[in-house]
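Undergrad: Read off the chains here:
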Amino acid sequence: MRYNRQIILPEVGEKGQEKLGHAKVLIIGAGGLGAAILPYLAAAGIGEIGIIDDDSIEISNLQRQVIYKSDAIGKSKALEAKEMALSLNPSIQINAITDTLNAKNAIPLFEYYDIMVDATDNLHTKYLINDACVVTNKPFVYGSIYKFQGQVSVFNYQNGPTYRCLFPDESSNSKNCVDSGVMGISVGIIGMFQANEVLKMVLEIGNVLSGELLIYNMLNNDQQKFDLVKTNTTSISRLDFEKKYNVVENTVLEITANEALEQMENPDVLFLDVRNEEELPKVSLLNSIQIPLSDLEENLDQLDANKTIMVYCQSGIRSKKAVEILKKHPFLKVQSIAGGALKLEEVIAGNAVSI
Amino acid sequence: MLSVKYFGAVAEKTKVQGENLPVSNLSLQELVDELEQKYDLASLSYSIAVNQKLVQDKNSYLLMTNDVVALLPPFAGG
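Read top to bottom, the protein sequences are chains A and B. Okay, so the first sequence: first residue is 13 according to the working numbering, each after it adds one. Okay, so the second sequence: first residue is 5 according to the working numbering, each after it adds one.
This is chain A alone, in the form it adopts within the complex:
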């Protein structure tokens, strides 16, 4: 039986193996750290592992990214990593994502997985991972290397400190392996420390490095731990996150009813009424469609994304929400009509004054 050697450990047992099988872990980065983390999580039987990296294998990677083969140079890291993990353990699920983690995909991804593992090589992404973990309330296992020293910790775990509690200053310009250099064994050891944290978290055994920063020195085997407490108790909402990383525009584009009606005969314009069927007054417009706001997301295929879509509701509030939804999907030319159907009717009846 595949997992026999760990099941007989009192700390694991069949129950522990079940926990491993139900766990979903996302490894962000398939480089030096990822190459050490992935095989051990796959071998232990983590049920579902995501691996996200948009890089291809280069020859200089092979001195430390030991899961790749020399004849695979040029191939996608995420896909090769998946193949390696599945040939080691065909009974688990591996999701290879050939993309970079960014502000658009971070939150949907983190919502899906239980634990994130930071196997990245730059500070900017570490802060992004941190913020997306705070928004989605998920923990992440931090790991990083500088020449012969490495750092490991677990952030946002059971209300513990975050990466920003440790390094609040985002302006640092720490070097990565390209600039500083690294031995394969150094980054391998730190990656394995990270895999170890994941297993402790899933199995709920031992002491997880939450509230503790471990620094290990490969040259003298010095190991130090530093305690840290949560300093940053403000939570980040998804909206704050999106504003910070400029995911959606901060202001919803709004136009006046007058301006909207000037486009009434324009075949490239589509008027979208997001009220419910029974709401009055009905506004008679040539190029129009009605999809109630609550049904909008499921019926986006009814809308032509090449047209400029002018959204209206009763008075201009729901239409702004509709514009936000459309922009995410992404419809590029969307506007909300200020004042809604009531204003449109006024203008049409010839009683309006330009706003």
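Any given hint could turn out to be false.
[As the list claims (entries may be wrong)] Every beta carbon over 12 angstroms from chain A, so not counted as near; a handful from chain B, in silico:
#1 K19
#2 P26
#3 V27
#4 Y43
#5 V54
#6 D61
#7 M68
#8 N70
[Stated by the list, open to error] Taking beta-carbon pairs under 8 angstroms as the criterion, some of the chain A residues facing chain B (in silico):
#9 G43
#10 D133
#11 Q161
#12 Q163
#13 K187
#14 N188
#15 T243
Hint data in this document are derived by calculation from the structure and do not stem from the laboratory. Just so it is clear, CB atoms sit at the ideal spot from N, CA and C, and this is done for glycine as well.
Go by the hints and put chain B onto chain A.
TA: Okay, now just chain B, sitting in the frame of chain A:
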């Protein structure tokens, strides 16, 4: 006597991993200012720990004999 330990890029600037300093009765901020001057650390970003605990407010932390101060820069490699 204070003990100071350096890590990562900070240790590269100081060229030692640690040293003992015959100083006393100063705040953590004062020590940091001295070290920044001595080793030209102003361009580096790092967090500080005393006796294995991260300290946020350097100004109000008064150092005592035998305290161990650590300068911890973030690492980025992976």
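Undergrad: What hints, given by number in increasing order, does this structure fail?
TA: 5 and 6
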